Each structure stands twice: as structure tokens, then as C-alpha cells.
Amino acid sequence: MSGLAILIPVALLMGLCGLVFFFWAMRNDQFEDLDGAAQRVLIDEEEEPS
Amino acid sequence: MNAIAPISAGQPQAIVSRFVVPAIRCAGCISKIENGLSSKPGILSARVNFSTKQVAVSHLPEIRDDQLTREIETLGFEAQILADNPLAEEKGSTDRLIRALAVAGFGMMNIMLLSVSVWSGAAGVTRDLFHWLSALIAIPVIAYAGRPFFASAAMALRYGRTNMDVPISIGILLATGLSLYETATGGAHAYFDGAVMLLFFLLAGRVLDGMMRDRAREGIGALLKQAAPGAMVVENDGNTRWVASRDLVPEMQMMVAAGESLAADGVIISGSSSFDCSLMTGESEPQPRSKGDMALAGTLNLSSPVIVRITATGEDTSVSDIARLMDDAGQRRSFYVRVADRAARFYAPAVHSLALLAFVFWMFAGAGWHQSLLIAVAVLIITCPCALGLAVPAAQVVASGALLRKGVMVKDGSALERLAEADYVLFDKTGTLTLGHPIPVNLDALSLTQKQITLALAQASRHPVSKGIRSALLALDIEPAALEEIREVPGEGMSATWGDVNVTLGKPEKSADHLSSQLTVGTEMVVLQLQDEIRPDAAEAIARLQALGLPASIISGDNMRSVSLVSRALGISAQASASPQDKVEAITRLSDSGHNVLMVGDGLNDGPALAAAHVSIAPGSASDVGQQAADAVFTSASLMPVALSIQVARRTMQIVHQNFALAIGYNICAVPLALTGMVTPLIAAIAMSLSSLIVVGNALRLNGAAN
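First to last, the sequence lines map onto chains L and A. End of the first sequence = 50 in the working numbering, gap-free, step of one. End of the second sequence = 707 in the working numbering, gap-free, step of one.
Treat the hints with care, since some could be wrong.
[What the hints assert, rightly or not] Not everything, but these chain L residues come out facing chain A in the computed CB check (under 7 Å):
| hint | residue |
| --- | --- |
| 1 | V10 |
| 2 | M14 |
| 3 | F21 |
| 4 | A25 |
| 5 | D29 |
| 6 | D33 |
| 7 | G36 |
| 8 | Q39 |
| 9 | L42 |
Don't read these hints as lab results, they were simulated from the structure. Remember, it's a predicted structure, so these values are computed and weren't measured experimentally. Heads up, the beta-carbon is just placed ideally off N, CA and C, and yes, glycines get one too.
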């Protein structure tokens, strides 16, 4: 039982972290341009964009 | 779209404008546009959205949209300002559903973790603890993730109707309430896992449905063009100033330059020009108008500046008349009930009476109210239309994805359902059966030098004939000749000097009976014939539609002669010189005789007919009104997508019906178990996930339906 007292809160907390992170990503438009993200990898950044 | 965006303090307020740039194809384009724009003064930042082919430019208020369009064009990309997006709010609703789905997924996994322990034999205090933990997770999750269903069910009940959400809400609420009671009294079975899992699967269906709508709307929003935003008004003292459309009033005099659209209806008081009315009336040839003639809002001034005295603005213009006609015509369609809701009409009462019967039966059999209620809830959970809720959206999403790859954007699921029912097709002519712009048919009559001169002359004019000649010559990789003193004489054509030879491109001396243009170089003369070509595979597409059981005919606003040319070439019947009202009446007549009419049209004049038809499709070159009124838009030059959409829609409905059969078959097996009280939470969970997986798997078969 004492193991459960630690493991269950930890599992729930980790799940919640994931959920919070997902909400953050949605709010910050991380899923707006999925194809673009794949393309942007290929851009050479010679000069720092302003 | 202009919106004030807050930026870091100390800087003036920036404005965000959005542009459609269809030519964005690679990473190179992204960096070229972003770096090229943000280095310009007055532009704070530029961000390309590759998926939607849009650029959002954050800039200072003093830079106008048309300046930005030019900036993007100098970078080598055609750009179009995106008008206010009335659909943005809809997108928010999908975002809410995705959040609810994430919460339900989180809850489902954690509760399942606890439930598995209970199923594998946890007993006594451990089981009670796990049930309490499940309740702790499940109740907030259900309160949050269940809102879309509860809200819609409450709405339906308030109007005394029932939809799919009513049995869902009742099932979930009852299951949660009973499980809470079980937990409090230390009972053996709690259905928190079942209730949350149900929510998860149903939300997945809703999210799919919403994503499908958004995807098509983004595509269509990207094609929307801004209508004339205003006009240059001539003041009494002779000065001109820019007045926005909504501030125009009758009796103002507006100056309309060549190439501009009219922002209001009016009478020409000075100058003469020709007008492109094709979107308004379907007439393919430019209409000459001079002093004293009416010019309508939405038509395009082609050749020379005119001054127009405004007679009607805003709500009173002919464009708005058409919009009103469209609203009326759309009424009929709003009565359409989607297939899932039709199923729910029978399903919900059946399920509820079954659960009630089970409860009453076990009460009489002496099982006690607690046991009887448990069985009734098990029946509700088992029969909850989990598979039904997924059956329709999953099939429609896969099908619309398949169609999208073929260049057809379907606006929503109900469009697919109605497409499958269509059994008669009406085509508009100009811009629908034909490409909508005249192209020269005898370019071979010109020598290379003549082609170069023609191109240089045609480039300088906005007349549709010139445009057609220009695009045909550009397609042949012709370089324009170097000309001097290029002038456009309204109604006559273009003239210039080439070296010391006079060259002209314009109206032939012997006025031919259809579109043509005459090139003179010194003393040489060549007459170019132009035709508004029929779409390349129109005949095959119509034959295929006929094979599918959809007879076709033409209804056009153009004159009899142009229409009969097309109708003879395609071998189908036609009605010419039809007003927007006539088109609606033709559709009503057909509907009254029992047909489900598919209308294919593009113009403003087709708007009411597109809205009145059972289902409608517009080409990508259509007017804003056409695209908004239509259920689907196809972007290719070919007409085949129309036949293809019908085929895919019918195939989709087949799959949907199969899925219904699967879901009902599953119920026939599972309900007796539930009625006899043998369903434990474990069996309910397995049955639910299995049936959902099966319908999704079946829907995936549609992936290749458009090939």
C-alpha cells in the first residue's frame, strides 16, 4: 500500500503535466502550420531574423 | 483581415493583414517571403503559414494593403488580400472539442489504470480506494469534457426534440451518479471508466467532423476575394477622395478607373467603356456601356475610366437583391436532417424504453431497486451510440480527405450525404461548363515576331480578350517585343509603334459574329479568333454523370446563340437567358417533381440557384457568393471532379450504412447480456472499444475511394 501512495500521485501528476503541456501548445498555435514546420527545418539561417 | 495586435510597449500599434499566396511551395519560398518582407520599412514581421498558403504581415497602420500586395508581388509571388474571415469563430469550436478530447483521454487512461487493478482482483479497502480515486478523476473530467453533449442535449430538449446527444447525456450522467453511489456504499462495480471512455470516443467523432469542416473552410477562405472596398468620389470642387463602400450615398459621383470593380449601382454620366458582367449575368462577352446606361455594383470596368452617378448603395444594390433571393432559397435546405440525427430519432426512444423496461422487469422479478437500476444503466451504457457517433464522421472525414487530394473541397458532412442523393444535374454555362475566359484558337496563324508584338500589346490591356491572348502566348514562352507609345483606345483596341511601324491590336474591321481580335503590323493583317473553350473533359464528365443516373441540362443567363453552341457540342438540353429567379424556379420545379437537384455554377447570378438546389458545387474560379453558397468547390480545370464527388459520396453512404449495420449487430449481441445483468464494467469497456475500432477500420477503406 505504501508504494501505491507514491506511485499513483506520481502517475497522475505526470499525466497532468502532459495535459497542461498540450493545452499550452494549443494556446500558442503550435498546431497551426504542421506542414510548414516540416519545411522550415530546411531553411538555412545565415542571418538572424530581426 | 485587419486586426489590432498588441506589441511591445513604446512602439506604435501594429496591424495584422493576411494574404493568400497560392504559389508557396517550398522552404525557399517561406524564407524568401519572410526575410524579404520583414526587411522593408514599416513592416514589423511576416509569418508564412505553409499549410494554408497564407502570409500574416504585422505592419504599421500607414502602410496600405495594396502596397503590401505589391511588395509580395515584387518578391515574385502573386498575393491576394484575405477579407475578414467570417468563419474564424467556427474554428474556435473545434479547438474547444480538441481540449475536451485531451481531457477525456487523460481521464480515460488514468481511470483505466485503476480499473485494471480492480478487474484483476483488488478487493476490500484497495478496491474502495481505487473507486474513490476514479471518482475524483472522473467527475471533473466529465464535467469538462461532457459539456458539448450536455449543452446540445439541453438545447434539443428545450425545443421538445431529441438528438443523438440526449441518450448520450442521460447514459453518462446516470452511469456517473450510480457509480458514485456504488463507491460510497462500497459496491463491487463502478462504471467511471465506461462513462469516460464513452465520452472519449464520441468526442473523437466530433473532432473529426469539426476538423473536416475547418479544412475545407480554410481552403475556401483562401480563395475568397475582396469585393470592391470603396470608390474614388468626385467632389463638387472637382477634387477626388477615397470613400469606403459603406459611406457611399446616392447622388455621389464616383470615378471608376479601368480594371476596377464598381462599389455601387449607378448611371454613367461621362465616358464610355465595356463592362465584364459575367459574374452578374452569365454573359460571356463584355458589354459596352456609355453615357446614360446603368452600371451595376460588382461588374468590372474593362477599358476606360467612367464617371458614375450612384443610384443605389449597399443593401439596395442588385448584388444585395441577389443575396436576399439566396437567403430565401436557402430556407428549404435548412430542413435537411443529417443521417446520424435521423438514426437517433428512432434509436433514442428505443434505447430509453428498453432500459426502462429492464428496470421495471427486474423490479417485478424482485431484484430490488438498486440491482434493477444497475441493470438499466448497463443497458444504457452498452447501447450508447458509441459506434454510431463515430460511424458517420469517421467515414465522411476519410472520404473528404480522399476528395481533397483530387482537388475537391467539401464543406461539411451533410454535403456528402446530400451529394449521394442527387439524381439530376443542372449546369451553368459561363465559367462552369466553359473555362470562363476566352482563349485564342488560331495562334498558329501568327509568325514569331507577330506573336511577340501581340503579347506586348495584349499585356497593356485588361480587356478579357487581351487577357486570354496574353495567357495563351505566355504559355508558349514568348518574349514580348519592345514597343513604344502604347495607348488604349476604348472600344477600339491597343496601338503602339514598333521601331517606325505602327502596330495595333483591336476590333476587326469586318465585325465578326463572335469574339475576335485583329493584329495589324504596318500593312499586314491577321484576325485572331477567340472562344470561351468548353472544359477539356466536359463531355466525358457528363457521360459519366449520366451513367451514374444523373441526367444533365444547362441553365444559363447568356444568350441563346452562345448557349446552343455549348449544348450542341455536349448533346444536352439547355435553357438560355435565365435570370437568377428563373434558375431558382427551374430547380423548384424539378424538386417538386421529386428530383434531388445538383446545381453546378459559379456566378453571382447562380448564387440563389446554388442555395436552392439540394446540393451544389462551384468551380474554384467562382465568385465569392458562388463559393459561399456551394457545398463543395473544385479547383481543377477539368469537370471530372463533379462526377467523382458523386461516386465518392455514394460510396461513403454505403460505408456509413455498413457501419450502422455493424453497430446495430453489436447491440443485438450485447443487449441480451446487459438485460440479464451479466455486463460488468470490464465487458462494457471491451465491447465499446472493439465496436469503435471496427467502424473506424471500416471507414478507412474509403481512403482510396477517389482513385
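How the hints compare with the structure:
Because the beta carbon of L/V10 sits about 12 Å from the nearest beta carbon in chain A, more than 7 Å, this interface hint is broken. Given the 7 Å rule on beta carbons, the hint for L/M14 is violated: about 10 Å separates it from the nearest Cβ of chain A. The interface hint given for L/F21 is violated, since its Cβ lies 10 Å from the closest Cβ of chain A, which is over the 7 Å cut-off. Look at L/A25: its Cβ only gets to about 10 Å from chain A, farther than 7 Å, so that hint breaks.
At about 9 Å, the closest approach between the beta carbon of L/D29 and any beta carbon in chain A exceeds 7 Å, and the interface hint on this residue is violated. A distance limit of 7 Å between C-beta atoms decides the matter here; for L/D33 the minimum to chain A is near 5 Å, and the interface restraint holds. A least Cβ separation of about 3 Å between L/G36 and chain A falls short of the 7 Å threshold, and the interface hint therefore holds. Because the smallest distance between the Cβ of L/Q39 and any Cβ of chain A comes to about 4 Å, under 7 Å, the interface hint for this residue holds.
With 7 Å as the threshold, the beta carbon of L/L42 comes within range of chain A, its nearest partner Cβ sitting at about 4 Å, so the hint holds.
In this structure, the earlier hints numbered 1, 2, 3, 4, 5 are contradicted, and the remaining ones agree with it.
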